[in-house]
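Given chain A, work out where chain B should sit, using these hints.
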Amino acid sequence: MEAVIRIRRFNPEKDKKPYWATYTLKDCEPTDRVLDLLHRIKWEIDGTLALRRSCAQGICGSDAMRINGRNRLACKVLLKEFGEKPKIQVEPILGLPVIKDLVVDMEPFFAHYRAVKPYLVNETPPPVGPDGRPRERLQSVEARERFDDTTKCILCAACTTSCPSFWANGAYVGPAAIVQAHRFIFDDRDQLLKERLDLLADPDGVWRCRTVYNCTPACPRGIEVTRAISEVKKAIQTGKRDF
Amino acid sequence: MITHQFDTIIVGAGGAGLMAALYASRTVSVAVISKLYPTRSHTGAALGGISAALGNEEEDHWEWHAFDTVKGGDYLTDQDAAEILAREAIDAVIELEHMGLPFDRTKEGKIAQRRFGGHTNNVTGKPVRRACHAADRTGHMILQTLYQQCIKNNVTFYDEFHVVDLIMNGDLPAGVVAVCLRDGSLHLFHAKAIVFATGGWGKCWEVTSNAHSMTGDGAAIAFRNGIPLEDMEFFQFHPTGLYPTGFLITEGARGEGGVLINGRGERFMERYAPKVKDLASRAIAIELREGRGIKGKRYVHLDLTPETVRRYKAEAGENADYYTPEYIETKLAETCDQGRTYAGIDPVTEPLPIQPTAHYAMGGIPTNVNAEVIADSDNRVIPGLYAAGECACVSVHGANRLGTNSLVDLIVFGRRAGLRAAEYSRGASFVPIPSDAGRKIESELNRIRTANGSTRPHVLRKKMQSTMQDFVGVFRNGKDLQKALDTIRELRREFATNIRIDDRGSTFNTEVLETWELGCLLELAEVTAFSALNRTESRGAHAREDYEQRDDQNWLKHTLVYRDGEEGLRVDYKPVVIMQYQPKERVY
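Residue numbers (this note's numbering), protein chains in the order written: chain A, 1 to 243; chain B, 1 to 588.
Think of the hints as simulated: they come from the structure by calculation, not from any bench. Quick caveat: nothing in here was measured; it's all calculated off a predicted structure. Each residue gets a CB set at the ideal place from its N, CA and C atoms; glycine is no exception. Among the hints, erroneous ones may be present.
Stretch-level coverage of chain B by chain A, calculated; a stretch enters the list once three of its residues show a Cβ under 8 Å from a Cβ in chain A [as the list claims (entries may be wrong)]:
{"id": "1", "stretch": "30-39"}
{"id": "2", "stretch": "96-104"}
{"id": "3", "stretch": "107-121"}
{"id": "4", "stretch": "334-342"}
{"id": "5", "stretch": "497-504"}
Calculated lysine-lysine pairs in the DSSO-like style (CA-CA distance at most 30 Å, straight line) [to be verified]:
{"id": "6", "chain 1": "A", "residue 1": "Lys240", "chain 2": "B", "residue 2": "Lys152"}
{"id": "7", "chain 1": "A", "residue 1": "Lys234", "chain 2": "B", "residue 2": "Lys107"}
{"id": "8", "chain 1": "B", "residue 1": "Lys462", "chain 2": "A", "residue 2": "Lys87"}
{"id": "9", "chain 1": "B", "residue 1": "Lys462", "chain 2": "B", "residue 2": "Lys479"}
{"id": "10", "chain 1": "B", "residue 1": "Lys297", "chain 2": "A", "residue 2": "Lys85"}
{"id": "11", "chain 1": "A", "residue 1": "Lys76", "chain 2": "B", "residue 2": "Lys463"}
{"id": "12", "chain 1": "B", "residue 1": "Lys313", "chain 2": "B", "residue 2": "Lys107"}
{"id": "13", "chain 1": "B", "residue 1": "Lys463", "chain 2": "B", "residue 2": "Lys295"}
{"id": "14", "chain 1": "B", "residue 1": "Lys574", "chain 2": "B", "residue 2": "Lys483"}
{"id": "15", "chain 1": "A", "residue 1": "Lys240", "chain 2": "A", "residue 2": "Lys194"}
{"id": "16", "chain 1": "A", "residue 1": "Lys240", "chain 2": "B", "residue 2": "Lys110"}
{"id": "17", "chain 1": "A", "residue 1": "Lys117", "chain 2": "B", "residue 2": "Lys152"}
{"id": "18", "chain 1": "A", "residue 1": "Lys26", "chain 2": "A", "residue 2": "Lys85"}
{"id": "19", "chain 1": "B", "residue 1": "Lys297", "chain 2": "B", "residue 2": "Lys126"}
{"id": "20", "chain 1": "B", "residue 1": "Lys295", "chain 2": "A", "residue 2": "Lys26"}
{"id": "21", "chain 1": "A", "residue 1": "Lys80", "chain 2": "B", "residue 2": "Lys295"}
{"id": "22", "chain 1": "B", "residue 1": "Lys463", "chain 2": "A", "residue 2": "Lys26"}
{"id": "23", "chain 1": "A", "residue 1": "Lys117", "chain 2": "B", "residue 2": "Lys440"}
{"id": "24", "chain 1": "A", "residue 1": "Lys26", "chain 2": "B", "residue 2": "Lys297"}
{"id": "25", "chain 1": "B", "residue 1": "Lys462", "chain 2": "A", "residue 2": "Lys26"}
{"id": "26", "chain 1": "B", "residue 1": "Lys479", "chain 2": "B", "residue 2": "Lys574"}
{"id": "27", "chain 1": "B", "residue 1": "Lys440", "chain 2": "B", "residue 2": "Lys462"}
{"id": "28", "chain 1": "A", "residue 1": "Lys80", "chain 2": "B", "residue 2": "Lys297"}
{"id": "29", "chain 1": "A", "residue 1": "Lys194", "chain 2": "A", "residue 2": "Lys117"}
{"id": "30", "chain 1": "B", "residue 1": "Lys463", "chain 2": "A", "residue 2": "Lys80"}
{"id": "31", "chain 1": "B", "residue 1": "Lys479", "chain 2": "B", "residue 2": "Lys297"}
These stretches of chain A come out as covered by chain B in the derived footprint (C-beta under 8 Å, 3 or more residues) [claimed, not checked]:
{"id": "32", "stretch": "39-50"}
{"id": "33", "stretch": "86-92"}
Extracted from the complex, chain A is given alone in its bound form (with noise of 0.2 Å):
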């Protein structure tokens, strides 16, 4: 089958704005990605396409781009959900500025993801076995369970992106970073729960999610980033992660 896809290219050392090239692929199969296209593009018919792509297989987070109006990874998006005639539009994801192409700044977006302290604090020494050894800490199925949807997210800015209050101002943290907040604010073995919970309670913080909801069908992992961000509210507002 035949595939047209539509490209917001932008080189900033040739062009003063950004602008639409369509491309026309002959004998596309129902089964191949928006990256299987876009890498065609590249490889076959114009070698200045930028685009970031590691994995191919959703894990790595590199290829979020808005596909026909929504965030989604290049790779996860089979051609046959467009029909017998695909037209596809690609362009970079938005409220991060555009270096080239499909590829933009990731800077702003990480800022954010190191500010929540994404990584657990537990000063408490570990324990020790019977042979002297150190031994993991322990935690129950359901404490570990409390968690498990927030750490499936892998970065990828699906969600930060598709955010009008994040559009609207950019110091406001987003969806993902509060993702990440949620993943250690809900682990009983993290002893920063206060600390997490006023840094989220900062005017650029938790509170300026407006629950438009864009979010949770954005995320390609399928967490539930509406209710991770509400569960924190409601941390915030109780002090406590078991309310």
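This is chain B only, laid out in the frame that chain A set:
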């Protein structure tokens, strides 16, 4: 060229690189240079688990883990390395838990463990629960946890800086050269110690579980700087790649009870008893070759449905009431997602189509157990140069790697690399940078950027990948290997003289860097085909149709291949370290 200086430079930010960074940064100045954002590294794709003889679920001993590793490696494993791997795995896994890794738990709240192919109770020979796991995204959780700890410890990162060469001053390493993707600028990193943790080169093959970025940069760079490559003929084909993409379906799927079924509806595993990857891959390859694929196609089925799994478990006298659709959804979440997304098949209700897929490099940059790179068959150490993880050959995996041992390798030898590199940095002084440093790579990159021949790089890549798939795959023979070697050499000549590039710019010019990566792949493909042709026996993942037996008399030794002149290759050998486990025929 912009110059930076650090005591220790780590190239690559997967499991091994981040572990090295965490340890080295405790005592010396460290920078991690990675062509990807660290969380994009391919460690994140590892699924099933990380083994350690914790004994949380049943009796287990690190000595059993060590023996399984040696046996799995078909006795090409260096036994000192296997012992270190198995012994240090225990503390390493506990340390990951302390760092925050969300392992699944037992009822008592300990780290849960499951069975994995080739891991056994050495007394009974039965499978043992040794693989620690976090759902089926263990690699993802390891990568995330290590990166989190690096942030906590303020490790310096140069993200999206692509290392393209090593600077040597005589026999000593002095630094590396990297391209900044964002603006194309060249950077020279001057360092006392350099750790390569750049991963494997599965992209040499057409059907592979590997990421696009798995192009063997570190191994190719070392090789171009006079360092040999060890045991390159041993490349693992994972039995369960999703058809037709090659994405890995975790071995944990079979660990949970999934069964392989051919086009005649037979559970053919029984006939081969394939509990180790090379045997299972060969079993599937034989089924396919002899026309017993599903509907005559190039795949067999991996059946995870409760109906099938419960039936077989009942036959084996096991209680399988727990094996419900919900159980599969939880334990094999990634697998369910993969099946639904990429094959349009729900593994809870239908079997998955699978085929063997190029997965893991056992060979690579030769190192000793301290991750120090060695230069020759006498184990001469190159001071200040280290390698760890898939790019390195310790050799802990021998002729074939046991499932879950790749993650153990990253953590155990990544840690050793970091510690040793830091220790060396503390005592050593900076080696002066030669005046012509980086000139050669700069001109090579310029050649690529301005290349105006007639062949697009991707044409060469495709040809290389199909050649490797057809002739340097699960089965090999002398005639085909020679054909592959000749073809790869032709492709290398074409690459050097007649490629065509569109992008002449500086900003995020991935075309130039992808093309440079293709040069690495071609170099490694050549060494792989050469090494495979040279080894006239079958061992582990290297299956020669014209030499079907393992030949300990002539081949119980490691291969070392050097570049000889511009285009030649030279082979040498290194003895296998054998301690308490004498080679035996491998029966499963």
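### Task
Check each numbered hint from earlier against the structure, then list the numbers of those it violates in ascending order.
Numbers 19, 23, 33, in rising order.
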